[in-house]
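Protein chains: 2
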Amino acid sequence: MDQYVLNHVHIMTTDPINRFQKDMYLVIRNGLIQEIGHTPLPDALKKDLPVINQKGKLLLPGLYNTHAHTPMSLLRGVSDDVPLKTWLGKEIWPREGLLDKRKVQAGTSLALAEMIKSGTVAFLDMYHLHMNEVFKLTMDAGMKAVLSRGMIGLGTKKEQHSKLNEACELAKYWNENGKGRVKGMLFPHAPYTCPPDFLEAVISQAHHHQLPLGTHLAETLEEVNDHKHQYGKSPLHHLHELGFFNKKAILTHVVHVTDEELDLLKDGMITVSHNPMSNAKLGSGTAPIPKMLEKGISVSLGTDSTASNNNLDMFQEMRTAALLQKGVNRNPDIVSTDQILEMGTLQGARSLGFAKHGLLQAGSPADFIMLDMSSLHLQPEDNLISHLIYSASGQDVTDVYVDGKQLMKDKELLTLDEEKIMYEANECFKDLESRFLNKRRKEDN
Amino acid sequence: MDQYVLNHVHIMTTDPINRFQKDMYLVIRNGLIQEIGHTPLPDALKKDLPVINQKGKLLLPGLYNTHAHTPMSLLRGVSDDVPLKTWLGKEIWPREGLLDKRKVQAGTSLALAEMIKSGTVAFLDMYHLHMNEVFKLTMDAGMKAVLSRGMIGLGTKKEQHSKLNEACELAKYWNENGKGRVKGMLFPHAPYTCPPDFLEAVISQAHHHQLPLGTHLAETLEEVNDHKHQYGKSPLHHLHELGFFNKKAILTHVVHVTDEELDLLKDGMITVSHNPMSNAKLGSGTAPIPKMLEKGISVSLGTDSTASNNNLDMFQEMRTAALLQKGVNRNPDIVSTDQILEMGTLQGARSLGFAKHGLLQAGSPADFIMLDMSSLHLQPEDNLISHLIYSASGQDVTDVYVDGKQLMKDKELLTLDEEKIMYEANECFKDLESRFLNKRRKEDN
Chain A
6 MDQYVLNHVH IMTTDPINRF QKDMYLVIRN GLIQEIGHTP LPDALKKDLP
56 VINQKGKLLL PGLYNTHAHT PMSLLRGVSD DVPLKTWLGK EIWPREGLLD
106 KRKVQAGTSL ALAEMIKSGT VAFLDMYHLH MNEVFKLTMD AGMKAVLSRG
156 MIGLGTKKEQ HSKLNEACEL AKYWNENGKG RVKGMLFPHA PYTCPPDFLE
206 AVISQAHHHQ LPLGTHLAET LEEVNDHKHQ YGKSPLHHLH ELGFFNKKAI
256 LTHVVHVTDE ELDLLKDGMI TVSHNPMSNA KLGSGTAPIP KMLEKGISVS
306 LGTDSTASNN NLDMFQEMRT AALLQKGVNR NPDIVSTDQI LEMGTLQGAR
356 SLGFAKHGLL QAGSPADFIM LDMSSLHLQP EDNLISHLIY SASGQDVTDV
406 YVDGKQLMKD KELLTLDEEK IMYEANECFK DLESRFLNKR RKEDN
Chain B
6 MDQYVLNHVH IMTTDPINRF QKDMYLVIRN GLIQEIGHTP LPDALKKDLP
56 VINQKGKLLL PGLYNTHAHT PMSLLRGVSD DVPLKTWLGK EIWPREGLLD
106 KRKVQAGTSL ALAEMIKSGT VAFLDMYHLH MNEVFKLTMD AGMKAVLSRG
156 MIGLGTKKEQ HSKLNEACEL AKYWNENGKG RVKGMLFPHA PYTCPPDFLE
206 AVISQAHHHQ LPLGTHLAET LEEVNDHKHQ YGKSPLHHLH ELGFFNKKAI
256 LTHVVHVTDE ELDLLKDGMI TVSHNPMSNA KLGSGTAPIP KMLEKGISVS
306 LGTDSTASNN NLDMFQEMRT AALLQKGVNR NPDIVSTDQI LEMGTLQGAR
356 SLGFAKHGLL QAGSPADFIM LDMSSLHLQP EDNLISHLIY SASGQDVTDV
406 YVDGKQLMKD KELLTLDEEK IMYEANECFK DLESRFLNKR RKEDN
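As they're listed, the protein sequences go chains A and B.
The letter at position 265 of the first sequence is residue 270 when you use the numbering used here, and the numbering goes up by one with no holes.
The letter at position 328 of the second sequence is residue 333 when you use the numbering used here, and the numbering goes up by one with no holes.
It is worth saying that the hints were derived from the structure and are not from the lab.
Any given hint could turn out to be false.
Treat identical chains as interchangeable: a pair holds within one or across any two.
As the list claims (entries may be wrong) - Quick list of in silico lysine-lysine cross-link-like pairs, BS3-like style, CA-CA up to 30 Å:
(1) Lys27 / Lys271
(2) Lys95 / Lys296
(3) Lys184 / Lys447
(4) Lys233 / Lys51
(5) Lys238 / Lys177
(6) Lys60 / Lys435
(7) Lys184 / Lys414
(8) Lys27 / Lys95
(9) Lys253 / Lys51
(10) Lys253 / Lys233
So that you can see chain A by itself, here it is in the shape it has in the complex (with noise of 0.2 Å):
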């Protein structure tokens, strides 16, 4: 069904000055939205299309996460209560050495299973392996993502030659094979894992390819301090003289920054994924997002993977981002509600470049998802959008469009098979784990 109209949805946008509007009707056609308008729906329209009452639901953008490593759905709850360093070198990436492409797509699925389930539409996603099945299951789910083959450069020159290759190679890949809803990126790891000169390497590829680039930045300080030791600058400072800046970039956590680094980065052409739940649950700290939102840099939100977080709900990451910045800044208006929702939303179109994304009017794309709002922790039915910032959560969402096509109706999947999911991650998992004790075990001995 390419061409239908949804009747009788109440609509909330992320235009604070027409936030609300009871009783709509929006037309879909060809996967955009044609018109939207106040109910009753014109005659002509109803004899033309088909028509779906939505009585009384919520609909609203679906929400983007700028920063997801979907495999890693498979090693959620592994290990709480450690710092990033820890967390990293004795409990992900000893089990992630252990992954192989079934279980990348068991993670994946379970991951993208997730995201529909608790409204999110499009997501950045980065990773080391068989990264070409997350492409094929999210093209297979209908979501839209940028994604790119991560790469961490601490090996030889021939194996950082190799993975740069292959990034630039399944990026281009995508593009061309994405229906402009996967699209390609560069994604470094991070300046403490990818050397200087492999770094303009990479940025120069992504120049020379007209691919957007991001990386993980500035996420603890112990980071930030070792870099300087290293190299005499901060890694955002190396970033910038590298030209990293120069084109299109998103950075990802972006902690530990001062105010002067901020206005290398205020030029438009650089977003920062914010991460707060990540943050606070390695210990990592409190990003400065009023001072990046003064300078007028765009933020956008994003879970990082279920391993530092440890789930992928949107709600719960607006939330929190808005409760970290007022309680952290003791200043309740640090932040506004509005700029959460479009943190969750418009900005995060934005800065996935996904242009017309993220706005509820004719001629974007029908991307958007509804609520059931008439739930006891969402009542009495007023001031939506602080019910959805402040109680709602994606157990709330019921319906998932993209490009006009259902990809849940009444909280069921239509495009993945739920229960094959969940018993695939568990077989994964069990293996996953049994393989790790006994290595573990081993080394050890």
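Starting from the known structure of chain A, arrange chain B on it as the hints suggest.
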């Protein structure tokens, strides 16, 4: 049904050594857990008692919310992005002035229903109006609570006396008629709303009638500084001098306190209700929980009202408590996942004076909840405590029991009429808002 067996449940206890036990049975008799054992169920029990199979659900102690103002659930979402003083003075108190008995009942019913739905079995409640309605509704709903007729002591001596008298009479009445399930306490609002001589009178009455005490303390820095300016000492020191800490008392918020002040609380009779989401949302700050734990002070968790939270989901409160402390202190180990679970259960029970509660063991009251752990965001099925604290929400709760009586079955409330409660809350809210806007319009003219 006062005698039965729950069979085939997985249980999670507050004891880290026996955290998780698979495929168990529980024998419930006369409101107590009589026996917990590994399946198979002995034949004698099978013959004697009705057996309810709960294959695969996770059973854990119910959650304790140690800071609520249930009637205020009617005010969910009325004001965001402003500090405590403005929030109270401009938005909350003017609306509260318009609450009548019916509106208090409506707000309370909404809160009770939301609490049961999200796995809370007991709560502490303080409110200024129609508090006996809260008592009656709580008794009917089947929950446990410690209640108080709140007291703001800014009026005349006569008003003070009348409030204190009513508070004592109600507390005694609840202790006599609450069947040990609902009890009374005295809760002067805060040192900034209760002058010292009034506080002295309250303390004296509390000790005379053997009622526990509670108050809001050191929620904002402004409040602490104002108090020092007016009295030459901090509110905590002032309470100490007045004898507030001589017998059992609970302090809520406790954000702005020094190390030396905390030493005054460590004798075991004083407990702290930590309210991380409300403190963050109002920009009040982050309480020094690790220091309290270090000193052996019992810390439990409370949501505060939905007007500053904005829901009553204790899973969200546990998660935010963990994330905030780890993030703000830049130390992922500063509060452990184990400690957070204990704060939401066992420490809550202790601080409300419910002995033997918050435990899953023979002889404890049959107060527990069950969760469906088969959702996508709780996979893979392992490390369940991590999933509970970092990924679950109140919406994963399916069943709630208090004193062996089932209050919710498969997400359906058994003691409350959910639809009627939502209807009534909305009717009352509409009436309240129209009166409030009228009043504001008149004042503006």
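When no copy is named, should Lys238 and Lys177 be tagged within, between, both, or neither for a Cα gap of at most 30 Å?
neither (33 Å within a copy, 68 Å between copies)
Using 30 Å as the alpha carbon limit, work out where Lys95 and Lys296 are close: within a copy, between copies, both or neither.
between (35 Å within a copy, 29 Å between copies)
Regarding Lys184 and Lys447, is the shortest C-alpha distance of 30 Å or less found within a copy, between copies, in both, or in neither?
neither (47 Å within a copy, 59 Å between copies)
Could you figure out if Lys60 and Lys435 sit no more than 30 Å apart (CA to CA) within one copy, between two copies, both or neither?
Between. Shortest inter-copy distance 21 Å satisfies the 30 Å Cα cut-off; intra-copy 44 Å does not.
Can you give me the call for Lys253 and Lys51, within, between, both or neither, at a CA distance of at most 30 Å?
So Lys253 and Lys51 fail the 30 Å test inside a copy (44 Å) and across (68 Å) alike.
Under a CA distance limit of 30 Å, which applies to Lys233 and Lys51: within one copy, between copies, both, or neither?
neither (65 Å within a copy, 69 Å between copies)
With identical chains treated as interchangeable, where does the CA-CA distance between Lys184 and Lys414 reach 30 Å or less: within a copy, between copies, both, or neither?
Answer is within; shortest intra-copy Cα gap is 24 Å, inter-copy 47 Å.
Intra- versus inter-subunit Cα pairing at 30 Å for Lys27 with Lys95
For Lys27 and Lys95, only the inter-copy Cα distance (28 Å) is at most 30 Å; the intra-copy one is 52 Å.
Cα distance capped at 30 Å. Does Lys27 pair with Lys271 within a copy, between copies, both, or neither?
The answer is neither: 37 Å in one copy and 54 Å across copies each exceed 30 Å.
Homomeric proximity label, Lys253 with Lys233: Cα distance no greater than 30 Å
within (25 Å within a copy, 53 Å between copies)
In summary, the numbered hints that this structure violates are 1, 3, 4, 5 and 9.
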